[in-house]
Amino acid sequence: MSGFRLIYLGATTSQALAAVSKTSTYLLLRYLIDNVIEYPDAPRLLPLFALAFIGLAIIEGFFTFTSGRLAAQTAEGIALRLRNFLFDHIQRLSFTYHDKTRTGELIQRSTSDVDALRRFFSEQAIGIGRIILLFLINFIALINLNWQLALYSVVVIPLVVYTSYLFFKRIIVAYEKYQEQEAILSTNLQENLTGVRVVKAFARQSYESEKFDQQNWEKFVRGRHLLTMHSFFWPVSDILCGFQMLAGFLIGALMAIDGTITVGTFLAYVGLIVWLIWPMRNLGRFIVQTSTGLVSYQRVMNVIKEERELLIEPDFHATQNIRGEIEFKNVSFEYEGSSKVLREITFHCNPGEVVALLGSTGSGKTSLVNLLPRFYDYTHGSIKLDGIELKKYSRQFLRDHIGIVEQEPFLFSRTIRENITYGLGREITQGEIESAARAAAIHDVILSFPDGYDTLVGEKGVTLSGGQKQRVAIARTLLKDPRILILDDATSSVDMETEAEIRNALERLMEGRTSFIIAHRIQSVMNADLILVLDKGRIVQQGKHDDLVESEGMYRQVFELQTRIEEELKLEINTSQDGTKGLDT
Amino acid sequence: MSVFEFEEEEFTGRIDNKSITRILAQALPHWKWLIGFLLAIALVSILDSYFTFLSKRIIDEGIIPGDRSALVDIVIIYGILLVVQAIGVLAFIYLAGVLGERIRYDLRKRLFDHLQKLSLTYFNRTPVGWIMARVTSDTERVAELVTWGLLDITWAVLNIATAAYFMILINWRLALLVLAIVPLLAIVAIQFRKKILLEYRRVRKINSRITASYNENITGVKVVKALGREDINMREFGELTSQMYRASYRAAWLSALFLPTVQLISSFALGGIVWYGGLQTQIGIMTIGGIQAFISYITFMMWPIQDMAHVFAEMQHAVASAERIFSLLDTEPDIYDQPDAIDPGTLKTDIEFRNVDFTYKDGEPVLSNFSLTIKHGETIALVGPTGGGKTTIINLLCRFFEPNKGQIFIGGRNYLSIQLYALQSRIGIVLQSPHLFSGSIRDNIRYGRLSASDEEIEQAARLAGAHEFIITLEAGYDEEVGEGGNLLSVGQKQLISLSRAILAQPDIFIMDEATSSVDTLTESLIQKGMHTLMEGRTSIIIAHRLSTIKRADRILVIEDGRIMEMGTHSELLQARQHYYQLYTRQFRRELEVEYDPFAYTKTTSFKS
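Protein sequences, first through last, are from chains A and U.
To convert, count from 1 in the first sequence and add 84; that's my numbering.
To convert, count from 1 in the second sequence and add 14; that's my numbering.
Please note that the accuracy of each hint is not assured.
[Said to hold, decoys possible] Here are the simulated DMTMM-like pairs of lysine to aspartate or glutamate, each with C-alpha atoms no more than 25 Å apart in a straight line:
(1) Lys-123(U) x Asp-172(A)
(2) Lys-553(A) x Glu-244(U)
(3) Lys-542(U) x Glu-469(U)
(4) Lys-184(A) x Glu-488(U)
(5) Lys-184(A) x Glu-497(U)
(6) Lys-295(A) x Glu-472(U)
(7) Lys-184(A) x Glu-230(U)
(8) Lys-219(U) x Asp-172(A)
(9) Lys-553(A) x Glu-250(U)
(10) Lys-236(U) x Glu-511(A)
It should be emphasised that the hints constitute simulated quantities derived from the structure, not laboratory data.
These numbers come from a predicted model, not from an experiment.
So here's chain U without its partners, still in its complex pose (with noise of 0.2 Å):
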């Protein structure tokens, strides 16, 4: 798989009626709103296109025939609709502005609902930084689109229709003359428009390697330094930089000819108006105050063309942001409940693995006719090289995949016909990179089981090996573990998530390389609670470990998918196989690191 698929598409296509549909109808439940924002944008749209009529009147009805009462008269009405037009514009950004986060909210929440439920399948398949860019980005300009976007576009038009009504009022031929080039600004502007977007586009993918750059000499500038590479870097990132001038001076440059044109468009309306409707007012068919109300109207034409222009460009891009989401929404999880799935309410029995075969996609066969019995209250140890499936197995049996060929039986039943949930929540498991939660670390244990009391959440610290350097911290339990727990060490973290299976008390307990970066000292602190935990329950442990894995009631030496070896410590070191192999080769290095205050396992980097 590459990960490349997934980078951000170009959408150029045409735009489909059904998604354009589909896209309105995230509004729908909330219609009032659409149609109050909808109705406050008309009356504002229609007063500004009023207002300079009545300009128009004031200068012939009041100014020219010199009628002090009718200006007043006139006067007072624009007042009146000042206020009016006042409370619409208030209306409209409220509503419309509420509704867009609404339906933020709606997409978001229906987003990661359907998240939740999709299998880690999907996750293995989709880049973590794609999925973001579809719940954080694109919901913005699908909302952008329904609110503001159909705002922009109402007020265009009817500000484009009543300016075009009243210019007829006036004089229908004028008029006309005016409204010839009102497609030509249009077209003009929409094609503008289009190019500039293109243009920032391409600034913004320059710009994220700019940031790109910056990253990767800052992390590396010890080696930079060490192999005095700094001119060639300064050339590369000039070169880069020299690109970004371009492309942003060209993008400012469209942007700054952009109204300018449509102006110089709507100037040769103008010289018509002067020129035809002065001719006009000569034979007394146009007033001066008509001759005005036609200056303004070309005038200000180009503000609802320039968001016209806007929404036709951004729109194509906002219709792909949504079919993006649509697709993500659409995506069926391919491990659901079964119908007529149970809850055993237990799984303190036997597990069985028959003849299971598993690949995961377009990769290799990991586990082949894997068969495997594993007694309620038996501790079974995995050990061998990575990558020969021993985290296969552990998937397989918390069913976060499926496999392709066999069953897995859990009491006699087969798995598929246990509840996920029944399942899940009666597996503890602790991986190796142990991962965290923003938030206390009294949360983060909490995870394990929602219910427990600080009582509770202390002893399993204490079980865990946790408790004793969770009180050396300033605020103890509640300590924030910063963003995915980055504030404490690989061990703590590793101790805090093992604090958090405890806590479950679950009926199989997995233990996925659990402890591999815990000090010596705490190691031994911890087997004290794992004994007492492991008693009574299934306990399944991949680990380095030799302590760990001589306590096990059954060594399993797993390579390329299949059981190479089986039996306990003793017997098969005695065999002189591959655990005889393992043992010599990788414990003994281990014996070292506990013993000798010269070896240290890690890295020592320049950052710190």
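For reference, chain A alone in the conformation it holds in the complex (with noise of 0.2 Å):
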């Protein structure tokens, strides 16, 4: 926040400034009727006095413009920089934060609450400052027309504030309560639209009806309540007001009677009084608000106060080119505060290899993949790349040397073009976009949507299908030409036309590059040079397929499986053409 105290403290100079001007004009006014307005030289005086109250207006005008526009300056300079920080901030938080924390806590964090935190510097700051303000110069000029009706005229005060505060308090709980109502209301709502073929279907409209009427009603109910409060806190304040001003008009006439304060002192009197009392009632708001800006400040200095995990250090960068050659010792990992997900991990695979990853959901695939960009640092043992440690590899360097292709992959809502080209920080012609959609087998497919390469993907666009999402990945790896590769799960779920493009795809990906395959199925691994069978985080098997086939173990029993599970679909086929029932009767 630093950068702006001094504009801020511009803008509460300015407001000092403009109350300063208000109350001058009162003091004129009683210039005016004390010392001009009966006298023989009035009428020479009088458009002198006019102008002057002009004057006194515009620099009112000008200093009260000044600091909203000052306050204005520093709430949105501050909401600016907290966003970019923030935003920049999380990309680089690591992925043990991200796995930890929900996507809809952090975009909250990051808008309502910084909203919150900008409001409180446009708002509610200035706005304290403008009530103290305008009290103590309006309290001090009173006190120099006379002290003793000055502080008559602010008995009242201190209980103002204190009610104004209570019922502000108050207030804010029952407006959440009418707020949450609010959401209820809109959730059902959404869900009876989202959910509308199941109301048909089971003909449940009369009774959403009722449910929606039940929850608009309490909806109702509270809003009653939250105005019951207002009708009766606004009457309540303006009577104390209202009678403390008329007591202070009552004592200020009579003194004025006895001929203790002037005629002009009283009108002085009647004007700066309306200037203290009344927005006193509007400071127990701006404090309970305050306290509501201090929560959106611890919750989004939480966030600030994480740790990023470092992508340029330590700088070490391979002089040459990396060769792939890669090899794990010992390796464990665990997530923070979990048990063991990898134990004693132990292989090496040559430069240009391919190395399959076979196991149940949850046996550390994925897991192993991930620490090869440094997603998450391996808690023990060593893994070489090119013979240098791995931790030694900057993240950054890591991450441009290694394409990932993804079962479901995510894509931004760009245009195609601008997701093939993601991330890879260089000006890419059309040819070259080009040439890798159609390597990716995907370039007839984009041709055939409205506006090609510059469609939109996702809610405003296309929806492109898992098949087509892959293959976008695909010729986005293919431009970014790493040297190793990683393809999880990547040919498991997609539709049987495109499969074999997809695997095609697949092939000229993997020419030349170090593969890591992350695979359900012995025929897509069955060609690799190393085969990992995994099993609750251990390797319990490695070899090549033949090798495997040949010693007991979980290779050879799947291997066995899948096997028979063709013969079966043979027999099946075979004696529906005897005119039998299949299997399962």
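Mind assembling these two chains? They're in different frames, but the hints should get you there.
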């Protein structure tokens, strides 16, 4: 927030000056009444006074504007800085952090909490300042007019501030309840709209109407409660302030009759007192709002305090292109505060080889490949890339040289072109994009869209199927041209027609790169140079297909199972041909 | 269809009287409240001006002549009126506020009830977000206009009018001079307000883009990191926030300029009062109290002006909101009961599709000249590629849509002559993406038959194979399912929606990929229940699962809106045509999933 202190000081000073000009207007009026208006040279002086009043108004207006402007500059500037900082911060936080934090939570902190802070600086802080400055300056002026009168005039103010504080404290609670009900109501509405087929299928329209009506009515009741509170607070504070003012009028008028104060003084008093008393009714609100601002501040700070993962340190860069030789030695890994996900992983692969990982869900396949781009850091053992410890490479360097294709890749709601060139950090010609898309067997699909490569992906554009998304990701990875490739479950849930196309595209992609394939089916790993069978975080078997089939173990079990399935299928079709019913009756 | 046409339109057109009348009509059923708050605000407004006049009398009749008793009299009147005004304040806040809540309530109720009547065609065409905005924020704006808007205007107009009255009473020449600036003030204020409002709308738009940006970058954080896009993303986001800074700074800047400008204009009137009023005092036409009163009137004139400007600026948008609400209310449902529609009492009869054509709005024809007869009690399985028309057949049967050409007969009667409720309440349907409502599991199952007892619910859950997992939950049947059921897995949701359909005891039972995400073990549990269920009922099943399909009396291969093949499992396999191909390609995979411990269909995603 530094750098804004001076501006904010300026805003406060301007406010004080605006308040001083306002007060001066009334003091000038006093002088006018007491010393000018009933005197003979008034006609000559009056135009000057008229100009003076206009002049004071201009000064007041100028400072009011300046203070508002400077406050806005502070608030918006701080919000700008926070937004940018948070955005960058969040994308640089570690996976460990993202794993345990919900997306909605992070978004809320970056948007509504930042907005609450912005409002604190633009409204609440400045509002409190304004009320207090108005009070102080007018009070000093009043004391100068007549100190006894001044004291009489503020008796009720602590009471006003206190009741307004108590009131707004409760009103915020009531308001939150009202908003909660509003949220319930819109959730209900949304569910009704998205589930419209279910509602119609069961012909539950009247039941739905009744349910909605109940919640709608509850909201009405809560709204009425809120209004009842308002409709009592404002008249009560009206009466408090009104009678305080009236008492001041009476005392002041009596003093004027006695000659203790002049008529002009009384007039100035009548003008000033308004600015002293009425703003106080809102002080409670600002104080209460400030406390909610503090909560937002805490929540934002909690995100800011999290440590980022280092991207460019340590700054070891391989002098030439990496070759892609990888060695795991007794590598273990555990997520923060949970048991080991990987235990004693040891294997070695040469540049350009294909390593296949096989294992049931939760056996640690994905955790293993996540260690390579240093999404997570291994906790024990050593991983060497081209003979050098992985932790010596900077994350950025590693990620630049590793390509990942997932089962259902995340695409951004941008054009297809932007998605293909996403993250490449250099100018890519249309020719390059198209040849990558052709190699990924997606070019023709893209051309079939109305806007071709400029078609938007996602909600506001076309929805791509899982297989199409995958091929976009393959095209992207081809352009990236990494030395090491990770295919995370890339072939398991694709529709039939495209499976062959994707397989071909993937084969093209794997050529000459060290590749890690996570797979489910033996068919897709048979040709790998090294097959790792994982179970509960351990490598239980490793070797080539031919060796693994020969030896006892999980691999052979699965292989036999899959062979059996093939046979059953043949049998089923044959028996059908004989006119008997198939299996499973 | 594009979603763009549903984006928030900017309304800059004229406000026509018909909409205004219709908006005000919203308050008519509660006219007593309306009159009540208008009277209360009138009282408050008139007293506001009168108080200034009383202060003048304190000076002119009390202080200057030195008359203590007159002073005390005036102060007492002042005090009484303060209390009266406070009562007025209480009344208008309560009356206007509660009326506003009531109008919100009424409008929402009407909208919701109307939405229940509209057909699926409407919902397919209209984004949920668009409808949500009509029911939530638009009703809000209309209610605001009818209550606080009306109140502000009444207060402002009366305040200016009574102030004018008292000023004329005090000194009509000076009053005319002062009042000359009121139109100027009003115009400036309204222009300002409009500009400010425009800026804030821009801010809101950018703000939603910022939120979307956060959302995308956080959900896609793995890709961002893997591709090292952090710096470029930051640059792009920086552009967005800079825009935001400029727009919101401009909005704040304009707001900050607003009041000083209004004050400045009125300061010229103040100068006039001092100069001209001072001269009038000299010749004894004007009193000192009079000058004081004039200064007060002009100083506080900016509040009613500001309120008026505020209402006028908002009015256009509120009217636009109202027009959108009315357009929704005026939408006629395109599927409704014919006047002589009847309730046949049962649907346990034959069903016939005769030469049915169907096309979704601006799409290619889905079904053309489609004919099919289903005997009562038969189990029909529909298989075939996505988009072939399987779900459309079901949608037509449930009368979510109606055929463009041809007829559907149920029990020999054209089904358009059957009451919608009679038809739909006797069909039990389980969808692939099961929709649950927030609430407990029990509530969700009971949705099938509201009068069902807890025992019946449990029985239905047992048949559906849901009971086993439900009892392992902490609260059992009372476990909350979360918004849209998202605390449960897809498979669990499917089981609950199956239980729901079983509980409904329908005459016709429909399953659309209903158990696609249920694991093999549970699937075999369900089989038994399903068998009991389908006995004596007409069932139509869309499924990929072999075990479900094999049991059907007839299997239909649907492709491009036509029946390519029809027959029993073994008949079709022998034919070695479409079904055979589907079977060997698709069902082989399924077998693998069933037997292979490594195969697992769930998407592995980064976020848990």
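Verification of the supplied hints:
The suggested pairing of Lys-123(U) with Asp-172(A) is violated, with an alpha-carbon distance near 45 Å, which exceeds 25 Å. For a cut-off of 25 Å, the pair hint linking Lys-553(A) to Glu-244(U) stands: about 22 Å separates their Cα positions. Of the supplied pair hints, the one linking Lys-542(U) and Glu-469(U) holds, its CA atoms being roughly 19 Å apart against a limit of 25 Å. With a C-alpha separation of about 23 Å, the suggested pair Lys-184(A) and Glu-488(U) falls inside the 25 Å cut-off, and the hint holds.
The hinted pair formed by Lys-184(A) and Glu-497(U) meets the criterion: a straight-line CA distance of about 21 Å does not exceed 25 Å. Taking the CA atoms of Lys-295(A) and Glu-472(U), the gap is about 24 Å. The hint holds against a cut of 25 Å. Between Lys-184(A) and Glu-230(U) the CA atoms are separated by roughly 18 Å; this keeps the pair inside 25 Å, and the hint holds. Simply put, Lys-219(U) and Asp-172(A) have alpha-carbon atoms about 22 Å apart, close enough for the 25 Å limit, and the pair holds.
The hinted pair formed by Lys-553(A) and Glu-250(U) meets the criterion: a straight-line CA distance of about 23 Å does not exceed 25 Å. For the hint pairing Lys-236(U) with Glu-511(A), the CA-to-CA distance comes to about 23 Å; that is within 25 Å, so the pair holds.
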